[in-house]
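For this one, chain U is given, so just place chain B with the ligand on it according to the hints.
Spelled out, the chains give:
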Amino acid sequence: MHSSTPRILAEKVWDEHVVSRAEGKPDLLYIDLHLVHEVTSPQAFEGLRLSGRTVRRPDLTLATEDHNVPTTDVDQPIADPVSLAQINALRANCAEFGVRLHPLGDVEQGIVHVVGPQLGLTQPGMTIVCGDSHTSTHGAFGALAFGIGTSEVEHVLATQTLPQVKPKNVAVTITGQLPTGVTAKDLVLTLIAQETTSGGQGYIVEYRGQAIESLSMEARMTICNMSIEWGAKAGLIAPDDTTFRYLRGRPHAPAGVDWDRAVEYWRTLVTDDEATFDKEVVIDATTVTPLVTWGTNPGQGMALGGNVPSPDDFRTEAEQAAAKRALHYMGLTAGTPMREITVDAVFVGSCTNGRIEDLRAAADILRGRKIADSVRMLVVPGSVRVRLQAEDEGLDIVFKDAGAEWRGAGCSMCLGMNPDQLAPGERCASTSNRNFEGRQGEGGRTHLVSPLVAAATAVTGHLTAPSDLPAWV
Amino acid sequence: MDRFRSHTGTALPLRRGNVDTDQIIPAEYLKRITRSGFADGLFAAWKFDQDFVLNSPEYGGASVLVAGPDFGVGSSREHAVWALQDYGFKAVLSPCFGDIFSANAGKSGLLAAVVDLPAIERLWSITEADPATEVTVDLVDLVVRAGSWSATMHVDDYTRWRMLEGLDDIEITLGQEADITRFESSRPSFKPATQLPPQHSPQHRGRAITSSETRSPKAVHS
Ligand code: SF4
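Chains U and B, in that order, give the protein sequences.
Be aware that the first sequence starts at 1, since it is given in the working numbering, and climbs by one per residue.
Be aware that the second sequence starts at 474, since it is given in the working numbering, and climbs by one per residue.
So that you can see chain U by itself, here it is in the shape it has in the complex (with noise of 0.2 Å):
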């Protein structure tokens, strides 16, 4: 489906895998790689069952279990029995179905966006689904990648396509270079808060421009991590050697011949310079500063340095109502200094900022330093590549010494689904991507915030940017 018109990215990625086409149709897309965990696969593989249907591809499919598994006494077997059942679910179904599966205590395990990459598996030019919001993660390696529901998960295990309507397409492009101290978090989102959470709505997003490209793979998946969070269907970054490098050896990168051939392919990956978006969005990456969120969804952010706003200070009836529901929820007042906010907890983790660099970052901050006595501090690696590799460096001594809790890899404080959740009226300073109601446990608190800020936090109770802390004694 070659055709000589300029084309963005998304598009080329988009027709390479066009199974079929008609008038009046979405577009039968084929899947290249469909991530599996067990929270939104259980009745997709019942289904299966009930129609005598069976897995198309297993060799396309990967399993791991994530986001109810504990991240204590990982060799224990799981104490609450509703989280268990669904596990056990996941186990029988991938070794009724024949998919290969990372569970709870093997050295693959993680969160599926963290794991996927990890493994080389996520490579650019693919398509890629998972039964989860932020599959738009890969989209960091150009791969047109995104979140499906259960009966498109069954849908995809059946057939290993998707019927889909071509969205509309929006650049972003980021001019200049990122302050120090100031992460892809951050930039996000300043994006979010700019765009609204509806900004994206019916969009795939091309990330681009001087800061993007200077970004490593991890800092890139932050970014397309959280393009859901703008209402965007998926994010994709045009892969480049940065990309190449990343892949370079992992278990399931070509090699060989393979890799010529593969590399030569996704260098053509890339928007065509005639060709135009439907919707372009500029910001100066210079002007951004650390971000955090003071409201219940992710567009509620605000400068470190600002004041929690007033619902006065929005213009719509129904963000004024919004945010005033929000500032209730969040037990705060308008016109507070965002670093007078305490906090009682510090969350380290997710698909957003578990993997190692982001540890690093963490850790940086720690090294030397205790946590505040008021505060406690959960570091939950990715992965337990990531575990390993953190252990490796010595990072889980310094979060240790510190005084924050070392734990194994899964969703954790990130949405609650295990046992690790604030209390109701807890505070969270979070390095996830969610601060909706309840989300990190019934009446918790959340705080977006980037694992700097995070770490910084831990140290002084409030919310905190690195650079506020004295140096070291």
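I should point out that these hints are in silico values taken from the structure, not numbers from a laboratory.
Worth double-checking, as some hints may not be accurate.
Short derived list, chain B residues pointing at chain U, Cβ under 7 Å [what the hints assert, rightly or not]:
#	residue
1	Met474
2	Lys504
3	Ala518
4	Pro568
5	Asp572
6	Thr606
7	Lys664
8	Pro665
By construction, the Cβ of each residue, glycine as well, lies at the ideal position given by its N, Cα and C atoms.
Only chain B with the ligand this time, still in chain U's reference frame:
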């Protein structure tokens, strides 16, 4: 899937925007492995509030949910759709839906129809003035009616066709088996497969972390 042509029932006015799927059904209810039995999780956190509209007996039995913008954003959990259906909802109206939510709804037979904000606001006033008002959502003519009042609604053509005909998506796709097989035969050899090459098979299991290595929780809620 059953055919959906038109539905008439009373409506629940939900005067909130940005209702994410974490609010529709919190994570703790997602551990079940069945496709039904999620009604108790619907808006679980909000149900504690006696003033929450779902608790109002006047709206008992409502089957059309009239919500503010950005309904169903966030997590991909289809449990949100199942919870609404288990509770008795047949249709949700909103000016704008989370992408994955509307896809999920369409697959499960819950009508998620886009209705513009002025019409939603009108429906809120009508159903607040008289909770017994019957609301009709007509998928054939793409209109929503309440008494003599009506407004257009939008559902994408493909979803509408499938719901009108009661068609199963997987069945439709399996009808194109030959196309899929042809496509597969042309996939480049460098595309990865999930079978692990033998030289990379797991050598060592992860060292388990035990609770003794973690600081005793200060305020853990479990
Ligand atoms: S870490 Fe959080 S956002 Fe990421 S997959 Fe797990 S629950 Fe979802």
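For each hint, the structure was consulted:
About 10 Å separates the beta-carbon of B/Met474 from the nearest beta-carbon of chain U, more than 7 Å, and the hint is not met. For B/Lys504, the interface hint holds, the least distance from its beta-carbon to any beta-carbon of chain U being 4 Å, beneath 7 Å. Proximity of B/Ala518 to chain U holds as hinted, the smallest CB-CB distance being about 5 Å (cut-off 7 Å). Annotation: B/Pro568 was flagged as interfacial toward chain U, and the flag is violated, the nearest CB pair being 10 Å apart, outside 7 Å.
With a cut of 7 Å, the hint placing B/Asp572 at the interface with chain U holds, because the nearest CB-to-CB distance is about 5 Å. For B/Thr606, the shortest C-beta to C-beta distance to chain U is roughly 24 Å, which exceeds 7 Å, and the interface hint is violated. For B/Lys664, the shortest C-beta to C-beta distance to chain U is roughly 6 Å, which falls under 7 Å, so the interface hint holds. Proximity of B/Pro665 to chain U holds as hinted, the smallest CB-CB distance being about 4 Å (cut-off 7 Å).
Comparing the model with each numbered hint stated earlier shows that hints 1, 4, 6 do not hold.
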